[in-house]
Amino acid sequence: MKGRETQWAKWMRAASAGDSAAYDRVLRELALALRALVRRGLSRAGANLSETEDVVQDILIAVHLKRHTWDATRPIGPWISGIARYKIIDNMRRRGFRIELPIEDFAEILPAEEAEAASERDVTRSLEALPEGQRNVVRAIAIDGTSISDTALKLNMSEGAVRVSLHRGLGALAKRHRDET
Amino acid sequence: MKTDDLIRALAADRLPSGPPPSLALALTGAVGFVLSVLLFLWLVPLRPNLGEAMHSFPFMLKPVEMGILVVASAILVLRLARPGASLGHVLWVAALVPAIMAAALIFEMASVPRVLWLDRLAGVHWYICVMNMVILSLPVTAALLFGLRYGAPTRPMMAGAGAGLLGGAVAASIYISHCPDDSPIFVAAWFTLAIVVASCIGALAGSRMLRW
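Keeping their order, the protein sequence lines are chains A and Z.
According to our numbering, the stretch in the first sequence is residues 1 to 181, in order.
According to our numbering, the stretch in the second sequence is residues 182 to 393, in order.
If you are wondering where the hints come from, they were derived from the structure by calculation, not from laboratory data.
A portion of the hints provided could be inaccurate.
Below, a list of computed lysine-lysine pairs in the DSS-like style, where the Cα atoms sit at most 27 Å apart [claimed, not checked]:
1. Lys175/A to Lys183/Z
2. Lys10/A to Lys183/Z
3. Lys183/Z to Lys154/A
Derived coverage of chain Z by chain A (criterion: at least 3 residues anywhere in the stretch with Cβ under 8 Å from a Cβ of chain A; other residues may be distant) [as the list claims (entries may be wrong)]:
4. 183–194
5. 200–211
6. 342–351
Note that the Cβ used here is the ideal one computed from N, Cα and C, for glycine as well.
Construct the entire structure; sequences and hints are all you get.
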């Protein structure tokens, strides 16, 4: 499975050079692999598997917000599993579970089967806690699939303001959990 | 929001996520160092016979030991700032320092009469030495903790301890130019105590401040 990680690394490098399509692809592939990893962690802790998708989303946001901490000359697998492990433990702790997760070779984790995952993927992360401006921007881009420029037109904002609102909104989605505790 | 929607939003966000951890830590560490030096100059005078002392072996052991510790703990902090980075051999390099201290301690105790041991241990004012080193470590530790927030430490307490260790090692390095006591007995006891206290402060702060 090392070939898969090499491919992810390639996409991530392309993404940091500005290739959004490569970034979209690597995030989708990561979501598949992470879903299997998270499910395994949750079941090991005896936690409810219905939380899987929420934790996967947490990890994806963390990967996004911390992508500057990946040294592009190093393998990407240990970096991703480091983040995933941290976020799984963090989520479990917040829900009152204490777990020890071995540092696993991410390469050994097979991506989840699509069919199996489909029902869980209906789980939605609420945007309600976001300030109104950020919520509108995130909803337009994420859920309605509107481009940055169309969102700017629709919400009567500058494109720069849309970019900043999106960026801050995603940061706020990551913080949401921490403020609950 | 479904995961596919989230990914669309993440991919649309092209604003940079932050500076590389090494850059953030170098900048904040430098600021902390300058603050510590200023605090040091305000707190205590330089040792009057500093130039002369540099020709003595027991004195020179101190900068060598602290130099090794600064380098090793700096590498440690940089590694702890990134998820999945292995610590490698850096802990072994750091362990050289207590090993050198212990060797010097044994040599000193073998060559100095037993009646002088307590005097060497107490030095001129051991408690002020410890207190000052801990105080001087705080600006560096705090600055590094701030810098680590731009990283992604997956072991917050350990990363905090690393920041405290580096803060303590930097503080001790600065304090050498004041400290009038060179005996390895003194160094092994009080430098160690100060650096351990600094590391514990860092660990406590790290476990609270560095969660993300």
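So, going through the hints one by one against the coordinates:
Of the supplied pair hints, the one linking Lys175/A and Lys183/Z holds, its CA atoms being roughly 18 Å apart against a limit of 27 Å. Between Lys10/A and Lys183/Z the alpha-carbon distance is near 26 Å, which keeps this suggested pair within the 27 Å criterion. Distance hint between Lys183/Z and Lys154/A is fulfilled; the C-alpha atoms sit about 22 Å from each other, no more than 27 Å. Check result for the stretch 183–194 of chain Z against chain A: holds, 12 residues qualifying (beta carbon to beta carbon below 8 Å, three or more required).
With 3 residues having a beta carbon nearer than 8 Å to a beta carbon of chain A, the stretch 200–211 of chain Z meets the requirement of three or more and the stated coverage holds. Chain A is given as covering the stretch 342–351 of chain Z, and this is violated because 0 residues of the stretch bring a CB closer than 8 Å to a CB of that chain, at least three being needed.
The structure is inconsistent with hint 6 alone, although it conforms to all the rest.
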